[in-house]
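My request is simple: use the sequences and hints to build the entire structure.
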Amino acid sequence: MKNINPFYIYTDKNVLYIKNINGQTERLSNNIHSYCATIDNSSNIHICALDTRGRLNHFLKHNGSWKKKSILKALNTTKNIKDMRLYSIDDSLNVFIVEKYPLSDNLHKLSHFNFDVPNYRLSKYIIDNVLKDNGYFYKLDIDDFSNIVLEYKPSSSSDRTTSKLFFNSSSKQWSKSNIENTIHSSRCSNEGKTTIKDDIFEYCYGITYKI
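Residues in the sequence shown are numbered consecutively from 13, following our numbering.
Derived by calculation from the structure, the hints in this document are not laboratory data.
Be aware that one or more of the hints could be misleading.
Below are the DSS-like pairs computed for lysine-lysine, each with C-alpha atoms no more than 30 Å apart in a straight line [what the hints assert, rightly or not]:
hint : residue 1 : residue 2
1    : 25        : 80
2    : 91        : 176
3    : 94        : 80
4    : 94        : 73
5    : 136       : 73
6    : 85        : 176
7    : 136       : 94
8    : 31        : 80
9    : 151       : 112
10   : 25        : 73
11   : 94        : 188
12   : 79        : 25
13   : 176       : 188
14   : 31        : 91
15   : 94        : 176
16   : 81        : 91
17   : 151       : 184
18   : 188       : 151
19   : 112       : 176
20   : 91        : 80
21   : 73        : 85
22   : 80        : 184
23   : 136       : 81
24   : 176       : 144
25   : 81        : 121
26   : 121       : 136
Using C-beta positions, here's what the derived DEER-type ranges look like [claimed, not checked]:
hint : residue 1 : residue 2 : range
27   : 188       : 17        : 23 to 31 Å
28   : 25        : 183       : 40 to 48 Å
29   : 82        : 38        : 14 to 22 Å
30   : 39        : 152       : 12 to 20 Å
Where a beta carbon is used, it is the ideal one built from N, C-alpha and C, also for glycine.
Dropping the structure here:
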């Protein structure tokens with residue numbers, strides 16, 4: 013990975029900005045509710061953001077300027093979002109969004125959006141009835157084959173039982189470690205909280221996310 017100078021991403025009055033180490037600030041978009049970011053193996057900075065209407069947007073710097081792609085309307089409302097994170101695996105991006113169910117303080121829905129850049133062929137997966145366990149909505153790891161290993165606590169489990177799911181990055185499919193009817197998927201093509209106290213991130217020291 014090439015050297016990347018420290019930079020900051022933040023929002024102010026729902027406007028998304030990025031600021032470099034020299035103090036130069038670029039305004040990326042208006043009406044942003046939540047965002048997350050990552051850096052891929054080619055040292056490209058990727059930002060994914062939900063606007064106030066629930067649309068998922070992708071930002072990528074190309075030829076010296078930031079480009080915005082509105083991918084799809086991901087959520088009907090943003091008021092129940094509790095967590096949003098972005099992971100780059102090989103040539104694809106993976107956005108994970110946790111929402112609280114309106115009628116329950118304990119149950120959550122985990123949505124996974126997988127897409128490639130620049131064709132933006134997107135798959136959406138939903139895992140229902142997720143419980144927050146020991147401060148976590150889920151735990152995520154990447155195995156030696158670039159597959160996602162997701163561990164979470166379903167509402168049907170006993171106090172000590174968690175479930176593991178595996179996402180094959182090549183086939184774009186989740187598989188279950190035990191039998192549960194909790195995953196729903198869809199695919200489409202698009203043309204043309206854990207509460208985060210800090211709303212900036214610096215590459216040298218890790219990434220934080222704004223909810």
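Okay, the hints, checked on the actual structure:
1. 25 <-> 80: The hint holds at about 19 Å.
2. 91 <-> 176: holds, 28 Å
3. 94 <-> 80: holds, 24 Å
4. 94 <-> 73: Holds, because 28 Å separates the two Cα atoms, which is no more than 30 Å.
5. 136 <-> 73: Holds, at about 25 Å.
6. 85 <-> 176: Answer holds: residue 85 to residue 176 is near 28 Å, not above 30 Å.
7. 136 <-> 94: holds, 18 Å
8. 31 <-> 80: holds, 17 Å
9. 151 <-> 112: Distance of about 17 Å is within 30 Å: holds.
10. 25 <-> 73: The hint holds at about 23 Å.
11. 94 <-> 188: Holds: residue 94 and residue 188 sit about 24 Å apart, inside 30 Å.
12. 79 <-> 25: holds, 21 Å
13. 176 <-> 188: Holds. Residue 176 to residue 188 sits at ~7 Å (cutoff 30 Å).
14. 31 <-> 91: holds, 27 Å
15. 94 <-> 176: This hinted pair holds, its Cα atoms lying about 21 Å apart.
16. 81 <-> 91: At roughly 23 Å apart (the allowed maximum being 30 Å), residue 91 and residue 81 satisfy the hint.
17. 151 <-> 184: This hinted pair holds, its Cα atoms lying about 19 Å apart.
18. 188 <-> 151: The given pair, whose Cα atoms are some 15 Å apart, holds under the 30 Å limit.
19. 112 <-> 176: Holds, at roughly 21 Å.
20. 91 <-> 80: holds, 23 Å
21. 73 <-> 85: holds, 22 Å
22. 80 <-> 184: holds, 24 Å
23. 136 <-> 81: holds, 17 Å
24. 176 <-> 144: Measuring from Cα to Cα gives roughly 15 Å; hence the hint holds.
25. 81 <-> 121: holds, 25 Å
26. 121 <-> 136: holds, 13 Å
27. 188 <-> 17: 23 to 31 Å: About 43 Å separates the Cβ atoms of residue 188 and residue 17, which means 23 to 31 Å is violated.
28. 25 <-> 183: 40 to 48 Å: holds, 42 Å
29. 82 <-> 38: 14 to 22 Å: This hint holds: roughly 18 Å between Cβ atoms.
30. 39 <-> 152: 12 to 20 Å: violated, 31 Å
Hints 27, 30 from the list above are not met by this structure, while the remaining hints are.
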